[in-house]
Structures are given as structure tokens and as C-alpha cells.
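Asks: Between the sequences and the hints, there should be enough to build the whole structure, so can you do that?
Chains as they are written, first to last, in the numbering used here: chain H, 802 to 1159; chain F, 802 to 1159.
In case anyone wonders, no lab produced these hints; they're calculated from the structure. The beta-carbon is built from N, C-alpha and C at its ideal position, and this holds for glycine as well. The reader is advised that the hints may include incorrect statements.
[Stated by the list, open to error] Across the chosen pairs, the derived CB separations fall in these ranges:
#, chain 1, residue 1, chain 2, residue 2, range
1, F, 1067, H, 830, 55 to 61 Å
2, F, 1128, H, 973, 49 to 55 Å
3, F, 814, H, 925, 44 to 50 Å
4, F, 968, H, 941, 30 to 36 Å
5, F, 1039, H, 1101, 39 to 45 Å
6, H, 830, F, 1147, 36 to 42 Å
7, H, 1148, F, 950, 17 to 23 Å
There are 2 protein chains.
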Amino acid sequence: MQVPLTIGDFLDRAATVYAGRPAVVDEPGTPGSLGVLTYADLEARARGMALALDDMGVAHGERVAIVSPNATRFMISFFGVSAFGRVLVPVNFRLNSEEVQYIVEHSGASVLLVDPEIEGAVSAVTAKERIVLDGVDDRGLFDPAGPGRSPAGWKADENATVSVNYTSGTTARPKGVQLTHRNCWLNASIFGWHTTVTDRDVFLHTLPMFHCNGWGMPYAVTAMGCKQIVQRKVDGEEILRRVAEHGVTLMCGAPAVVAAILDAAAARKERGEEIPGGDQVRIVVAGAPPPSKTIERVSGELGWEFIQIYGLTETSPLLTINRARAEWDGADPQQRAQLLSRAGVPRRGGENADERGR
Amino acid sequence: MQVPLTIGDFLDRAATVYAGRPAVVDEPGTPGSLGVLTYADLEARARGMALALDDMGVAHGERVAIVSPNATRFMISFFGVSAFGRVLVPVNFRLNSEEVQYIVEHSGASVLLVDPEIEGAVSAVTAKERIVLDGVDDRGLFDPAGPGRSPAGWKADENATVSVNYTSGTTARPKGVQLTHRNCWLNASIFGWHTTVTDRDVFLHTLPMFHCNGWGMPYAVTAMGCKQIVQRKVDGEEILRRVAEHGVTLMCGAPAVVAAILDAAAARKERGEEIPGGDQVRIVVAGAPPPSKTIERVSGELGWEFIQIYGLTETSPLLTINRARAEWDGADPQQRAQLLSRAGVPRRGGENADERGR
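Replies: Have a look at this one:
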């Protein structure tokens, strides 16, 4: 018997092994903030979402689009939609109405979930069902299910689609990338392994969840039962404040996030304030590696570990990782930063590289 | 396109990313010891083994049995046999001739590899090809391949068999468990993730490689490019000596291994000698958890981390892991040891546990 790899495995494990542990801390002070959910709560709400989608007549395989900054309802949707056989379409919340409308139509989404802060910008976008995520009238999509209620049975299939992630469309219209359960499961596990995610990690959501499903890290940190802190907006000082408040150990982001943190740390230093997270935080950065001077500052000024990855939405996304090797421990900070600014290694062999006949 | 998960991925990655790094340190002073191999060497020898098997007319899918304590040639065989489409049959080297003969015949192995130290005990065992692993006349099975030579193409298939592992046969004859590439790939990755194997780890082979392929840890530590130290025989003092000499950080074993280490450490203490590996070594233990007093001593007397796992050969083998949680950090050593002596958690839900309809 072959057990299919589906992203529901991660939530299932967390709810079994870490039921009472804080799972997701929502952004405080926003409309409809869900506060702190445990993994039992997260599972009950994901299941509740699946039940509500059943009630709304949204069939397995149908698409549910979401336009939202990072939020607990987004985390619930990762599982409430995809773990029960439907397909999530996370949309870049910085797109305009016309672009969002295109994606909703192109993906064939029958449900559109819109964060209240984004609602103004995309009020013209239409969909069969259109729900604002302010906790007021959401068709019960985010209500927890009781222990006795099971959503309509879905025959788990690792080749079923988890999500359709639209790339930026620099050359023409955005293109939708279909990621399967197998894609996302393997990416999350391998990414989690390489970044040594454990149940002792506290993850800060600095990376947009819409961006290739937060690079799959939301699945990985859920699998390990990590405490997750939602952050809606990138703000360097706010990141530092949360690192101190929650004991954050792990975050992901584009080079711009690193720059914002370094600026905030420099300002703190000028004010004679402490920089939190030293020897404790690792920050995973993707895209073009930042200048090696920036990497050097992450270690020198923050005392954080810098990890460079490379990938594409089309590859789920992780392709390569560069984490400081023991062999580099003796190198001076500048050399070390240079070594860390590479995104891969040369492929061995030429035409015979594929030596096992694959 | 779906890329099959095969255990060759692990060696391929190591040889690409960590070509020049020491991979396997063979037991010194044994007949035909291979000394220190880099990952480039390990890959070239695994490929060389596949080429030699080609030359011997051993078809893809055929079985190659090995009766050997831990050895570098065993490590080469894990990949030289299985990564190129054949099936390894690792045999318990403590079995008698009749039992080994049964397994060779039952598995249909056409090749039998025998360690020189075992040879005397199993000299009566016959096979189509029978090779003693003393480096004298081994049909070139352990010669490195040049960069230009490719073994016969094997269409990689994750559902192909990696190995047939015979269980102890307490109720009758030993039973062969067929593990697939997918089984072994997933087990190694998840086991490696949970035990946070990184490229900074130095792994000591205290667990017999024949035992469910060393629980899959040889694949995981190869994937991460860890330095691996072969140890042929469990001997507590020798383990401590190697921890000091090589900077070992990770090992696996039955409770008896833990007991041997604790005895050796107590003897060292009496002689006023240092106990190496404090705050550095984690030891992964499977089977019936040892008494909580033993677990307490691992932390108290060695300063090592104790990790309890549970599994079966039939489950590749990892099923559950118990690693100390942050929530237990405040517990007194006795309580902590008790918490660590459990091998699982209660399954949530009753008849509705299977809530996603799976």
C-alpha cells in the first residue's frame, strides 16, 4: 500500500502531537483578529472551513482565491482549502483590480476571499462567491468544527493540485503554476530539513504567504508544531520587537526584508537599545543574493545566521541552499559573507553528469 | 513531469556538493581497509560496483546479499547495488550458515558478499557468485570507476525495491521485507529532519548496517555530506575514543549500546579521565525504551542528548520520535527522563480520527 503525500499530513501531525501548543498568533488589533490559536484550534478551524465549503456546494477540485496580507485566516485556508481536496489560489495583494479579476477568471475560482484592508483596492473584482475576511459575514468559513463533524470524504491524491500560484507576469499576463500535494510535501520536508526546523522554533511570517505559499515554510513549521507569529507588513523595527517579544528563531524574506531589519537595528544601536535574537535567529533569503556586505552585517550587527536559497515557483520552490559550512568557520567575516552570497554549486560532470542513466 | 525519489539522489547530491569532503572513514587495521574515502571517491566506487555488476551479468532487479559487520564496502554496496537498479539483501552477520543459506536462497540472491571475519562461520553457504570482501579477489566490485564510464542505464523507479531486509524470524523462518526507493527516501529524509542531521554532523556507525539499512541513517547522513566513521564492533570505550578523535555528534543504537557507553564512561570517570562529546552528541535509540534511569544517566553522566524512536522494518522503519520538547526544559532530570522514555503519543479522535476522509 502506498500512502499519498498530502499537505494535510502536516496539520494532522501537529494536531496529534502538539494539540495544546500555541500554533498561530494573529496580528493584534486588526479587524477580526483571531488572537492565539492552538494546533487543535487550527485543525478544528481548517476542518470547519472544509465543512463550510461543503455547505456552499464548492466541489473537490474547485478553486478558492485569496487576496490577503499574512493573516491567520490565510494559514487556515492553506489547510481548510487544500487539505480537504480543493485548490487555493493565493493572489498577490499588491495587484490592481484588473489583474486580480484576470487571475480569478483564469483560475476559474468560484470563491474569492478578500482581506478587509485590501477590499477597497479590489472592490470592483467579482466572483461567484465573494467574502470579506473581517469576521462579520463569512458564511462560517472560519468557524471551528466540532470533533464529531467530518467534511465530505476526499480520496487523498498526491498528484492533486494544492494551489495555483500566479507568477508576476513580467513578460505578459501572469502565469498560473499548479503545485501538487507531492510538490508541496517534498518541498516543505526538504526545506524544513535543510533549515533544521524543529519544534523549538518560533517562526515569524515576514514572507508574504501568497508568495509560492510562503515558499512552503508554513507547511514545514506546522509539521513540526512551531509557534508561528503572523506579521502583516514588513517593518524592520516591528520585526525586531517581535523577535524580542516572542523569542523568534526563524524567518524568511527577500533581500529588502534584510535591509529593513539592518536599518532598524542601526537605529536601535544609535538609540543605545538592544538588538534581539543574537545567536538565535536564522533568516532565509531568496532571490538575487544581497551584496556580501549586507550578509556580513547580518552576522556582525545582528548576530543572526544568514541562509541563502534559490528556487522558482515552478520548482515548489526550493532548488538550492547555501548554509555556512564548518569548513568556513575559520574564514574572516568578509570571506565568509562572500562564500554565503553564492546560490549554488557547479554541476559535476558534463555530458556524463547523468551517470546513473537517468 | 514527476521525478522519482530514489536513494541514488543522496549520493548524487553529496558527490556534487561535497565532492572533496571525507565521507567514510573505514575501520583501521582490518584486512583490506579502504582508509578514508571522499564523497567523490564513494560515488566513483559505487559507480564502479555497478559497472562490475554489469560485467558479471547481474541484471537490474537481481539481488545481491551481503553478510558483513559495518564496513566501508557495505556503505559502497548500499549505493553501488541499489542506486543502479539492483536489490541489496543485508543479512544479519550473527546468523549461522543454515540461516544465511536460507536467506540467500529465499531472496534469490545471485551474488553473496561475505566479510572476511564472517567467512569462517558461513563457509558452507553457497551462491552463484560468492565473493570475500578482503580486497584480494573481488571481481573489481570495489574499484572506482573513471569519470567517463556509465553503468547500464536503469530507468529510475521509486517503487522499485532497494533492499530485502529479513526480520529475526522469532515465530518461524525469517521473513523478507521489501523496501522501495520511495520508502527509503522518505524515511531517510524525515528521520534526518527530525534528528536535525546537517552537514556539520559527524556520524558514528554504531548501529549495524544490516539492521533495516542502519534505520536509513546511512542514506540521510550521505545526503547531507556528513563525515561517517565506521565502527565494526560495539565497544563502549572505543565509542568514546572515536567521539573524542573524530568529533562525533550523532549515533544510533539499541539500548545495549547506551549501556556499554555508560559503563565505559563510568570506568573513565573512575580513572579520572574525561568523557567526550558533552553538549555535542545526540544518540538515537530504538526498540523498547531503556529504563528512565538510563536515560537520565545519558544526560547527567555524558551530557549527551537522548532521542527515542519507534519503528519496524516493515515501516522503513521510522514511525514515531520522542525528542525533548522546550516545554520539558524546566522539568527535573528524573521527570525529563520519564517523559523521554515514551515512544509515542495517543492518537486523537476515535472513530472520527480519520477526519479528512482518508
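Asks: State for each hint whether it applies.
Replies: Verification of the hints:
{"no.": "1", "hint": "F:1067 / H:830: 55 to 61 Å", "result": "58 Å, holds"}
{"no.": "2", "hint": "F:1128 / H:973: 49 to 55 Å", "result": "51 Å, holds"}
{"no.": "3", "hint": "F:814 / H:925: 44 to 50 Å", "result": "49 Å, holds"}
{"no.": "4", "hint": "F:968 / H:941: 30 to 36 Å", "result": "50 Å, violated"}
{"no.": "5", "hint": "F:1039 / H:1101: 39 to 45 Å", "result": "42 Å, holds"}
{"no.": "6", "hint": "H:830 / F:1147: 36 to 42 Å", "result": "37 Å, holds"}
{"no.": "7", "hint": "H:1148 / F:950: 17 to 23 Å", "result": "19 Å, holds"}
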